[in-house]
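Trainee: Residue strings, one per chain:
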Amino acid sequence: MKALTLGLFLLLTLSVVTIPTIFADEDEDEWDDDDEREYEQRGSGDMEREQEREREREHEDDDDDEGLALGGGIPDAILYGTIAVIIGSVAYTGYKIYKVKKPKLSASR
Amino acid sequence: MKTKIIPIIFLLLILAPLPAFADEGDDAEDAIESLGWVAIGVGVIANLPFILFNKWRKYAVRAGGQSLLMARQAVQFYKPILNFHIILNSVGYFAGMTHGLLLVNDLDSISLSLAITMTVLMISGILLRYTSSRNTKVFNRLLHGQFGLVFLLVALIVLHVLVGDD
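These protein sequence lines are chains A and B, in that order. Per this note's numbering, the very first residue in the first sequence carries number 3; after that it's consecutive. Per this note's numbering, the very first residue in the second sequence carries number 7; after that it's consecutive.
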């Protein structure tokens with residue numbers, strides 16, 4: 003129990019250390035001084051329209067990237083193959099245990 | 007001895023993911039990608055010595071004579087190597103899953119298959135180590151050491167690296 007608590011504590015510490023570091027230098031979406039100046043010069047209406055256009059462009063880019071996503075021929079076969087191997091492994095393990103236990107049960111009767 | 011090992015392991019846990027961020031500059035996506043490489047590296051370090059040690063022990067017991075004596079003496083190293091295997095695999099699993107969650111927009115079938123296989127092996131390993139039920143232990147010992155699952159994991163990692171580089 004003590005070892006489990008220690009293990010969970012270590013994993014939690016690791017997550018706390020790892021995850022924020024990844025976002026540490028991501029400042030693309032932050033509101034900086036240049037944005038503020040631009041906002042003042044052009045007014046909020048223009049800025050909003052431009053942001054909307056940018057969002058639409060990003061959405062279109064996402065649609066174009068769908069070639070690699072789920073639904074392809076070979077990649078789908080790999081996924082189904084993986085699930086089949088896992089189910090097969092679990093079933094084979096169960097069968098192995100059953101096979102070892104069955105003669106013992108019949109011998110005890 | 008135990009009191010010395012715990013701070014070292016703790017330090018290792020904190021320092022292990024850091025090389026991923028060492029020379030990345032501003033590109034956050036590169037850092038996330040490096041996290042995947044950390045997962046692979048940690049996985050290799052965690053599993054190779056453990057598998058080789060177990061194979062050698064089995065071979066030595068079967069061979070008998072001087073090798074059997076050596077295998078008996080090596081029993082004392084089993085627990086530290088097992089703990090090393092568990093801790094590094096946990097680090098690798100969480101690094102891999104963080105890498106996957108942060109790049110979830112690019113999810114493909116190979117990545118999903120890899121995540122499923124890693125999770126199955128991780129759950130069977132945790133149950134094998136921490137359950138007290140004898141039946142669950144036997145089941146998970148057999149499942150955790152299945153050659154098919156290990157082969158599948160290695161094949162999926164290779165495929166994931168090849169497809170991810172494109």
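I should point out that these hints are in silico values taken from the structure, not numbers from a laboratory. Predicted model only: the values in this text are computed from it and were never measured. Check each hint, because a few of them may be wrong.
[As the list claims (entries may be wrong)] Reference listing, derived: stretches of chain B covered by chain A, where coverage requires no fewer than 3 residues with Cβ under 8 Å from a Cβ of chain A:
(1) 81 to 87
(2) 109 to 117
(3) 121 to 134
(4) 158 to 165
C-beta atoms are modelled at their ideal positions from N, C-alpha and C, and glycine is treated no differently.
Trainee: It remains to establish, for every hint, whether it holds in the given structure.
Mentor: Tested hints:
1. 81 to 87: violated (count 0)
2. 109 to 117: holds (count 6)
3. 121 to 134: Holds: 3 residues of the stretch 121 to 134 of chain B have a Cβ under 8 Å from chain A.
4. 158 to 165: holds (count 3)
Of the hints listed earlier, the one the structure fails to meet is number 1.
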